[in-house]
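Student: The residues making up each chain are set out below.
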Amino acid sequence: MRDFAVPKTDTRILGKVQLEYAFKLTAHYDPPQESHTPRGTFRYQDIVSGELSGERVTATVYPDSGGQYDTIREDRVRDVDAHFMLKTDSGEWIYMEHVGYRRSDGYYRAIAYIETDLKGKYEWMNNTSFVVTAKESADQREVVFHYYIAN
Amino acid sequence: MTSRRTFLSGATTVGAVALSGLQLSEAASGDAAAPGSNDEALPAQWFEGPDPSIPKLGLRWAFSARVFFADRVMINTMDSPAGRGYTSVGGGDIWGPRLQGRVLPHSGADYYKTTFNTYYMLQAADGALIFIHNRGTMRRFASHYEPGKPLLPPPAPPASQDGVWTRFRATSYFTAPIGPHDWMNRTVFVANSQRQSNPDHTVFNYYEVL
Chain V
1 MRDFAVPKTD TRILGKVQLE YAFKLTAHYD PPQESHTPRG TFRYQDIVSG ELSGERVTAT
61 VYPDSGGQYD TIREDRVRDV DAHFMLKTDS GEWIYMEHVG YRRSDGYYRA IAYIETDLKG
121 KYEWMNNTSF VVTAKESADQ REVVFHYYIA N
Chain E
1 MTSRRTFLSG ATTVGAVALS GLQLSEAASG DAAAPGSNDE ALPAQWFEGP DPSIPKLGLR
61 WAFSARVFFA DRVMINTMDS PAGRGYTSVG GGDIWGPRLQ GRVLPHSGAD YYKTTFNTYY
121 MLQAADGALI FIHNRGTMRR FASHYEPGKP LLPPPAPPAS QDGVWTRFRA TSYFTAPIGP
181 HDWMNRTVFV ANSQRQSNPD HTVFNYYEVL
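If you read the sequences in order, they're chains V and E.
In this text, residue positions in the first sequence follow my numbering: the first is 1, and each later residue adds one.
In this text, residue positions in the second sequence follow my numbering: the first is 1, and each later residue adds one.
The set of hints was computed from the structure by calculation and includes no laboratory data.
Treat the hints with caution; some may be incorrect.
Claimed, not checked - Chain V is faced by these chain E residues, among others (derived, beta-carbon under 8 Å):
id	residue
1	G49
2	L104
3	P147
4	K149
5	L152
6	W165
7	Y173
8	P177
9	N192
Source: prediction; values computed, not measured.
Don't be surprised by glycine CBs; every beta carbon is placed ideally from N, CA and C.
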């Protein structure tokens with residue numbers, strides 16, 4: 001027995017999260033390299049190039065600026081941990097981090113955290129959680145990410 | 001939506017309600033409130049991009065947690081790069097269609113920099129211990145934010161934050177034991193977070209990303 005009571009009905013959600021579409025990134029990777037580690041199978045994949053486009057921003061992935069440092073777990077789910085840099089068409093730098101899960105049933109979702117110049121044109125990306133849906137090509141060398149702002 | 005001023009005055013009401021029992025209130029926010037209970041799953045809400053080739057993304061309310069705080073400590077100040085806050089978790093409760101239970105008392109804290117960064121434990125009604133790591137993002141706007149519109153920066157500091165609209169989001173990563181709560185290990189979550197006073201607590205509404 002637990003010493004707490006679970007509240008019953010009549011509670012209300014105090015607000016909603018709405019998603020707003022932001023942009024798409026098509027990323028190209030080298031083939032993944034896997035190694036066995038005490039934490040599971042480590043899967044490194046270098047990001048070679050990529051194009052980001054949306055209504056409010058156009059950018060390209062800075063070649064070899066990072067990639068994916070994922071872990072394939074015992075249950076076959078892949079913990080996604082991606083880091084790389086982009087440069088916008090106006091020359092501003094963007095840092096992108098992704099944390100999420102890629103499952104064998106096709107579910108590939110992540111949260112992206114983005115940092116860019118606080119005084120720049122893309123300041124709106126800072127301090128925002130982006131919800132990401134991704135799809136990998138069969139050879140896993142191309143991944144298309146779609147980003148929604150969690151408003 | 002509400003300004004921070006009305007938000008806070010609403011929150012005081014909620015605090016009083018929270019003290020008197022286990023009812024959360026409608027008064028807390030001007031946001032469209034949806035009913036939610038342990039027995040009633042809410043339908044998923046789907047969002048789409050400007051063109052139909054863009055995959056839709058769905059959110060579905062999974063559960064909510066009310067987290068009560070104990071100590072509030074600050075190392076340095078928040079305007080310093082070395083600023084670090086510590087807000088310990090006293091306890092709390094969890095309800096909703098996919099998880100019920102409690103926040104394990106004194107199991108951790110929010111060790112925040114500019115926004116929260118929490119590490120503590122949940123305990124499901126079946127006794128399972130679930131580790132929660134929340135990362136947060138927070139933005140303040142000079143006026144109510146409307147999707148697609150350019151953002152207006154907040155008034156210059158140290159002006160009072162009254163009247164500034166705040167978007168607080170938590171993104172949460174769970175480590176749950178193998179068993180009925182296993183799905184939490186492979187699901188992406190986003191939550192909204194509403195700080196309440198009197199008593200000092202925050203309500204998180206967790207949505208699973210479909």
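Student: Which hints from the list above does the structure break, by number from lowest to highest?
Tutor: 2, 4, 5, 6 and 8
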